Amino acid sequence: MNIQVILFKIIPVLLFLSGIIFSNKAIAQVDSTAAKDSALLKQVEQQMQANTPPTTPPQQNRSGISANPDIGVVADFRGAYISQGKKNFDAYLNETEVSFQSVVDPYIRADFFVSFARDPDTHKYGVTIEEGYLTTLSLPAKLQLKVGKFREAVGKINPTHPHALPFVDLPNAFVNYFGEDGLNDEGASLSWLLPNKAFYQEFVFQATSGAESSPSFFRGDNNRFIYLGHLKNFFTLTDNATLEFGLTGISGPNDSSRVTNIGAADITYKWKPVQMNTYKSLTWQNEFFYSNAKYTANEMLNSFGLYSFVEYQISKRWFLTGRYDYAQKPFDKNIVEQAYSLTAGWLATEFQKIEFEGKQTNVNVQQDYCQFWLRWIFVIGAHGAHQY
Amino acid sequence: MRMVHTNIKNNLKQIMKKIIIIFSLSLIIISGVTAAPIKVVTTTMDLRSITEMIGGNKVSVLSIATGYQNPHFVDPKPSYIMSLSNADLFVTVGLDLETGWSPQLVASSRNAKIQKGSPGYVDASEGVALLQVPSSVNRGEGDIHIYGNPHYWLDPMNGKIIARNIANGLERIDPSNKSFYEANLQTFSARVDTKLKEWTTKMAPFRGSKIIAYHNEWVYFEKRFGLEIVDFMEPKPGIPPSPSQLVKVINEVTANKIKVIISSPYFTTSSSDVVSKQTGVKVLTLATSTGAFNDVKNYFDLFDYDVERLVAVLK
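Chains as they are written, first to last, in our numbering: chain A, 1 to 388; chain B, 1 to 315.
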């Protein structure tokens with residue numbers, strides 16, 4: 001074998017072998033690079049997953065849309081003390097009010113307030129329709145009709161649900177004329193927004209069938225109704241201050257089948273700085289009542305009563321209210337009550353408030369007495385705005 | 001005879017002249033009457049500003065809330081009913097922002113044109129991609145909004161959606177001027193785009209900046225400009241700052257080297273000032289609405305004002 005033959009035979013074999021070796025090495029290199037890449041990729045993916053903020057669910061309106069009315073429950077729990085009588089202390093769930101409110105159709109809305117209340121005399125709970133009425137939304141000529149059972153438009157206290165008042169008890173004069181439940185009756189109410197561009201003026205006329213339990217009026221067997229007229233005047237004095245002045249006249253049958261006439265006036269001044277309206281405010285509210293009741297053919301009983309209160313908001317959550325009451329008894333104007341009360345209110349949120357009231361009552365024909373109340377009001381569900 | 005005829009002719013000419021003058025005058029008067037502006041009542045000043053830009057001289061706009069007032073808590077004064085009773089269009093932020101006052105006012109207005117569902121009722125939130133929509137409603141979490149956070153106008157891009165909704169409302173009740181409103185809408189949207197570039201450029205260096213806010217009303221602004229609200233002065237929406245919350249915020253400010261607490265004109269800064277004294281963080285009262293301050297006269301000024309002041313503090 002010469003060298004050339006050997007070289008020609010050996011070189012291809014060497015080349016082949018080296019080729020195999022190189023190729024194997026290359027394959028090994030590719031494999032190791034791929035392995036490294038896939039590991040890196042995994043690491044990157046892992047890091048990416050770790051760094052990726054949790055995907056937020058698609059923004060959707062999740063509130064259940066339904067045709068159900070707005071439903072709310074207001075509960076009023078009380079502790080009470082009175083310095084006279086045998087039972088001085090008491091604690092009770094005074095009232096649970098369930099409201100159902102909704103627009104009925106493009107023409108009317110409906111509001112129902114069902115009250116589960118404790119009878120102050122029997123201490124038993126009963127169910128009553130506190131209010132249930134429809135209100136028109138589209139009458140012409142700035143008219144609005146309300147039909148059903150409703151708190152009548154006597155000044156300021158009567159149309160307001162008690163839980164929205166800044167004191168626990170009701171003013172003496174108001175209770176003497178309209179009772180603890182106020183003038184709350186079935187019938188129709190037509191209100192007219194007067195075309196007065198200078199200030200807000202509204203006239204309300206109501207005809208109702210007669211309250212079941214009212215000291216002044218009686219629901220008789222005959223076809224006699226209670227008629228009420230109320231003129232509301234509202235002035236914007238400044239951005240922060242308003243003044244409301246109202247006049248009310250009521251006429252209706254009493255329990256002697258004769259007529260009782262009541263004239264009332266209300267005047268309210270409110271100050272509330274627009275910018276900081278959740279921190280500071282002041283309300284000075286007054287109502288005057290004059291009753292002229294005919295009980296016999298020759299006897300006319302006249303009496304007078306008033307209350308005046310100042311509510312001052314000390315801070316975002318604290319309110320202080322001082323009130324003075326003067327009331328002649330409707331059946332005998334010589335019996336005169338005078339009362340002084342102070343209420344401290346703490347509003348945790350819009351849905352919970354606690355109030356503590358102390359009241360001293362002086363009656364000219366009996367011994368003076370004092371009362372204390374603790375009221376805890378809480379709301380669940382929907383709760384609409386109260387009147388300004 | 002000829003003289004008489006000439007006189008009659010002259011008289012007739014004079015009468016015709018008078019008739020033409022009277023007719024022209026009456027036309028002017030009638031056209032003046034028909035061109036009476038559309039009366040719009042909005043719940044907030046931002047809606048008023050955008051309505052004025054879309055409606056131009058064809059609208060007269062009144063806002064119930066001022067720009068420096070908490071829009072959650074507006075007193076439903078009867079005087080507002082007077083304005084609503086004569087309104088042709090009512091524009092609301094919606095999403096329950098005004099639930100404590102505007103539904104009662106609208107229901108008392110005796111105005112069928114602006115009741116919900118009527119052509120004159122505009123819910124400006126329609127079509128807005130809402131943030132913080134709760135999956136359940138629990139008032140234990142504070143004053144939450146069941147439909148989502150309602151402060152959406154604080155993202156200028158949502159301003160374009162608001163403007164679209166307002167234009168739709170105006171076109172429903174005044175279709176003859178549709179092209180006018182559409183042209184104004186285009187101008188408004190183009191201006192938003194231009195200004196947004198300017199605002200985002202100014203805010204770009206501060207993307208990711210951590211801040212504290214008093215109330216949860218900045219989420220749309222936060223998202224748009226890339227800020228990160230770490231916590232709120234209120235422990236829960238609507239609940240006043242508690243001592244424990246202040247301690248928490250002080251620790252967060254220190255740990256994250258936070259430079260600013262942003263608040264609104266209708267909140268007291270007393271609690272924020274406490275944190276400021278402890279940490280040196282600045283307290284900045286920003287505009288949440290048009291009209292919040294004298295310089296904030298329209299919707300664009302609102303972002304000019306806020307961006308300028310934030311940039312100055314975050315530098």
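The hints are simulated quantities; they were obtained by calculation from the structure and are not laboratory data. Please note: incorrect hints may appear among the correct ones.
[What the hints assert, rightly or not] Distance condition first, Cα-Cα at most 30 Å in a straight line; then the derived DSBU-like pairs of lysine-lysine:
no. : chain 1 : residue 1 : chain 2 : residue 2
1   : A       : Lys272    : B       : Lys58
2   : B       : Lys58     : B       : Lys113
3   : B       : Lys297    : A       : Lys270
[Stated by the list, open to error] Partner residues aside, some chain B positions facing chain A, computed with beta carbon under 8 Å:
no. : residue
4   : Ala107
5   : Glu126
6   : Thr187
7   : Ser189
8   : Arg309
Just so we're clear, the structure is a prediction, and the values are computed from it rather than from any experiment. Yeah, the Cβ is synthetic: ideal placement off N, Cα and C, and Gly gets one too.
Quick rundown of the hints versus the structure:
Between Lys272/A and Lys58/B the CA atoms are separated by roughly 34 Å; this puts the pair beyond 30 Å, and the hint is violated. Under the criterion of a C-alpha separation no larger than 30 Å, the hint pairing Lys58/B with Lys113/B is consistent with the structure, at around 18 Å. Of the supplied pair hints, the one linking Lys297/B and Lys270/A holds, its CA atoms being roughly 29 Å apart against a limit of 30 Å. A distance limit of 8 Å between C-beta atoms decides the matter here; for Ala107/B the minimum to chain A is near 6 Å, and the interface restraint holds.
Restraint check, Glu126/B versus chain A: the minimum CB separation of about 11 Å is more than 8 Å; hint violated. A cut of 8 Å between beta carbons decides the hint on Thr187/B: the least distance to chain A is about 29 Å, and the hint is violated. Below 8 Å, beta-carbon pairs count as interface contacts, and Ser189/B has none with chain A, the closest being about 22 Å; its hint is therefore violated. Hint status for Arg309/B: violated, given a least beta-carbon distance of 19 Å to chain A, over 8 Å.
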